[in-house]
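Asker: Sequence:
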Amino acid sequence: PALIESGAAKVAIAPATPAWLRKEVLDAANSAAEFFEKRLGIKLEAKPGIVISVYPEDSSSSVRGDVTPGAIMSVRFYGEAWTGYDPGAADQVRELLAHEFFHFWNGGIASSADDAEKPWLHEGGASYAAMLALSPGAKPSDAAFMGKLNDNLVKCQTALEETESLKTARNLQFGNAPY
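Counted from 1, the sequence shown has number 35 at position 35 by the numbering used here; the numbering is strictly sequential.
Honestly, the hints are just simulated from the structure, not real lab data. This structure is a prediction, so every number in the text was calculated from the model and none was measured. Mixed in with the good hints there might be a few duds.
Stated by the list, open to error - Heads up, simulated PhoX-like pairs for lysine-lysine below, C-alpha to C-alpha not over 20 Å straight-line: (1) K10 <-> K47; (2) K23 <-> K10; (3) K38 <-> K155; (4) K10 <-> K43; (5) K47 <-> K23.
Make a model of the complete structure from these sequences and hints.
Answerer: As C-alpha coordinates, this is what we get:
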(Lines of atoms letter the chains of each structure in order from A; the text may use other names.)
(Lines give C-alpha, C1' and ligand atoms only; values in the text may rest on other atoms or scores of the structure.)
Protein backbone atom coordinates (compact mmCIF):
# COMPACT_ATOMS: atom_id res chain seq x y z
CA PRO A 1 0.00 0.00 0.00
CA ALA A 2 0.98 3.61 -0.56
CA LEU A 3 1.45 5.77 2.55
CA ILE A 4 0.45 9.40 2.14
CA GLU A 5 0.63 12.15 4.75
CA SER A 6 -2.02 14.59 3.69
CA GLY A 7 -2.81 17.47 5.99
CA ALA A 8 -5.01 15.96 8.69
CA ALA A 9 -4.04 12.30 8.49
CA LYS A 10 -1.56 9.64 7.54
CA VAL A 11 -3.28 7.44 4.98
CA ALA A 12 -2.40 3.91 3.88
CA ILE A 13 -4.05 3.33 0.51
CA ALA A 14 -4.56 -0.07 -1.07
CA PRO A 15 -3.08 -0.32 -4.59
CA ALA A 16 -6.53 -1.12 -6.05
CA THR A 17 -7.96 2.21 -4.84
CA PRO A 18 -9.21 4.28 -7.80
CA ALA A 19 -7.73 7.79 -8.07
CA TRP A 20 -11.11 9.52 -7.61
CA LEU A 21 -11.75 7.55 -4.39
CA ARG A 22 -8.28 8.33 -3.04
CA LYS A 23 -8.87 12.04 -3.69
CA GLU A 24 -12.35 12.00 -2.07
CA VAL A 25 -11.04 10.29 1.07
CA LEU A 26 -8.10 12.68 1.45
CA ASP A 27 -10.23 15.78 0.80
CA ALA A 28 -13.00 14.58 3.14
CA ALA A 29 -10.53 13.83 5.94
CA ASN A 30 -8.93 17.25 5.65
CA SER A 31 -12.29 19.04 5.53
CA ALA A 32 -13.69 17.12 8.50
CA ALA A 33 -10.60 17.69 10.64
CA GLU A 34 -10.58 21.41 9.87
CA PHE A 35 -14.30 21.74 10.62
CA PHE A 36 -14.27 19.80 13.91
CA GLU A 37 -11.08 21.44 15.21
CA LYS A 38 -12.59 24.86 14.55
CA ARG A 39 -16.09 24.09 15.89
CA LEU A 40 -14.96 22.13 18.96
CA GLY A 41 -11.87 24.20 19.71
CA ILE A 42 -9.91 20.99 20.26
CA LYS A 43 -6.98 20.04 18.09
CA LEU A 44 -6.13 16.36 17.85
CA GLU A 45 -2.94 15.49 19.70
CA ALA A 46 -1.65 13.35 16.82
CA LYS A 47 -2.48 12.86 13.17
CA PRO A 48 -4.82 9.89 12.91
CA GLY A 49 -4.07 7.03 10.56
CA ILE A 50 -6.57 5.98 7.91
CA VAL A 51 -6.38 2.59 6.23
CA ILE A 52 -8.27 2.36 2.93
CA SER A 53 -9.11 -1.07 1.54
CA VAL A 54 -10.96 -1.81 -1.69
CA TYR A 55 -12.56 -5.15 -2.55
CA PRO A 56 -13.98 -4.78 -6.09
CA GLU A 57 -14.66 -8.52 -6.38
CA ASP A 58 -17.19 -8.39 -3.51
CA SER A 59 -20.81 -8.32 -4.66
CA SER A 60 -22.23 -6.23 -1.80
CA SER A 61 -21.54 -2.70 -3.16
CA SER A 62 -21.21 -1.27 0.33
CA VAL A 63 -18.79 0.68 2.48
CA ARG A 64 -17.85 0.21 6.12
CA GLY A 65 -15.86 2.44 8.43
CA ASP A 66 -14.59 1.99 11.96
CA VAL A 67 -12.40 3.93 14.36
CA THR A 68 -10.33 2.10 16.94
CA PRO A 69 -9.44 3.44 20.36
CA GLY A 70 -6.51 5.69 19.71
CA ALA A 71 -6.17 7.22 16.29
CA ILE A 72 -6.78 4.65 13.55
CA MET A 73 -9.67 4.60 11.08
CA SER A 74 -10.37 1.72 8.74
CA VAL A 75 -12.51 2.34 5.64
CA ARG A 76 -13.45 -0.61 3.45
CA PHE A 77 -15.11 -0.32 0.05
CA TYR A 78 -16.84 -3.43 -1.29
CA GLY A 79 -17.96 -4.07 -4.86
CA GLU A 80 -17.45 -2.75 -8.37
CA ALA A 81 -19.58 0.32 -7.65
CA TRP A 82 -16.49 2.01 -6.16
CA THR A 83 -14.27 1.53 -9.22
CA GLY A 84 -15.78 4.41 -11.20
CA TYR A 85 -16.68 7.92 -10.11
CA ASP A 86 -20.30 8.54 -9.21
CA PRO A 87 -21.57 11.76 -7.54
CA GLY A 88 -23.76 9.76 -5.14
CA ALA A 89 -20.81 7.57 -4.15
CA ALA A 90 -18.66 10.67 -3.62
CA ASP A 91 -21.34 12.11 -1.29
CA GLN A 92 -21.41 8.83 0.61
CA VAL A 93 -17.60 8.92 1.03
CA ARG A 94 -17.71 12.48 2.39
CA GLU A 95 -20.52 11.61 4.81
CA LEU A 96 -18.77 8.46 6.03
CA LEU A 97 -15.42 10.21 6.52
CA ALA A 98 -17.02 13.11 8.43
CA HIS A 99 -18.93 10.62 10.62
CA GLU A 100 -15.88 8.45 11.34
CA PHE A 101 -13.56 11.45 11.80
CA PHE A 102 -15.85 12.84 14.50
CA HIS A 103 -15.23 9.68 16.52
CA PHE A 104 -11.69 10.94 17.13
CA TRP A 105 -13.34 13.67 19.21
CA ASN A 106 -16.46 12.07 20.69
CA GLY A 107 -14.57 8.94 21.72
CA GLY A 108 -12.82 11.02 24.36
CA ILE A 109 -15.62 13.45 25.16
CA ALA A 110 -18.53 11.25 26.23
CA SER A 111 -19.32 7.67 27.11
CA SER A 112 -22.28 5.74 28.36
CA ALA A 113 -22.58 2.57 30.38
CA ASP A 114 -23.96 0.82 27.30
CA ASP A 115 -21.30 1.88 24.74
CA ALA A 116 -20.14 -1.63 23.91
CA GLU A 117 -23.65 -3.01 23.40
CA LYS A 118 -25.66 0.04 22.38
CA PRO A 119 -23.45 2.55 20.57
CA TRP A 120 -26.30 4.83 19.53
CA LEU A 121 -25.06 7.77 21.66
CA HIS A 122 -21.68 7.88 19.94
CA GLU A 123 -23.04 6.91 16.55
CA GLY A 124 -25.99 9.29 16.61
CA GLY A 125 -23.72 12.10 17.73
CA ALA A 126 -21.27 11.31 14.94
CA SER A 127 -24.07 11.24 12.36
CA TYR A 128 -25.34 14.62 13.52
CA ALA A 129 -21.82 16.07 13.60
CA ALA A 130 -21.24 14.78 10.04
CA MET A 131 -24.41 16.56 8.92
CA LEU A 132 -23.10 19.79 10.44
CA ALA A 133 -19.67 19.34 8.85
CA LEU A 134 -21.19 18.77 5.42
CA SER A 135 -23.58 21.72 5.76
CA PRO A 136 -21.47 24.51 7.33
CA GLY A 137 -23.67 27.39 8.35
CA ALA A 138 -26.84 25.27 8.33
CA LYS A 139 -29.48 26.38 10.79
CA PRO A 140 -32.47 24.49 12.21
CA SER A 141 -34.64 26.63 9.94
CA ASP A 142 -32.95 25.22 6.79
CA ALA A 143 -35.42 22.84 5.16
CA ALA A 144 -32.78 20.61 3.53
CA PHE A 145 -30.86 20.18 6.78
CA MET A 146 -34.01 19.45 8.77
CA GLY A 147 -35.17 17.02 6.06
CA LYS A 148 -31.95 15.02 6.38
CA LEU A 149 -32.16 15.06 10.18
CA ASN A 150 -35.78 13.90 9.97
CA ASP A 151 -34.81 11.10 7.55
CA ASN A 152 -32.26 9.84 10.08
CA LEU A 153 -34.81 9.97 12.91
CA VAL A 154 -37.39 8.07 10.83
CA LYS A 155 -34.81 5.35 10.05
CA CYS A 156 -34.04 5.06 13.75
CA GLN A 157 -37.72 4.92 14.72
CA THR A 158 -38.40 2.35 12.02
CA ALA A 159 -35.60 0.14 13.38
CA LEU A 160 -37.15 0.17 16.84
CA GLU A 161 -39.73 -2.51 17.37
CA GLU A 162 -42.94 -1.40 19.06
CA THR A 163 -41.95 -2.69 22.51
CA GLU A 164 -38.33 -1.52 22.46
CA SER A 165 -36.62 1.52 23.85
CA LEU A 166 -33.22 2.84 22.86
CA LYS A 167 -31.82 0.84 25.78
CA THR A 168 -33.32 -2.49 24.68
CA ALA A 169 -33.25 -2.09 20.89
CA ARG A 170 -31.56 -4.99 19.14
CA ASN A 171 -31.57 -3.27 15.72
CA LEU A 172 -29.47 -0.32 16.95
CA GLN A 173 -26.50 -2.31 18.17
CA PHE A 174 -23.90 -2.86 15.48
CA GLY A 175 -22.94 -2.45 11.87
CA ASN A 176 -25.34 -0.76 9.51
CA ALA A 177 -27.86 0.30 12.15
CA PRO A 178 -29.49 3.69 11.55
CA TYR A 179 -28.47 6.43 13.96
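Asker: Which numbered conditions among the earlier hints are violated in the structure presented, ordered from lowest to highest?
Answerer: 3
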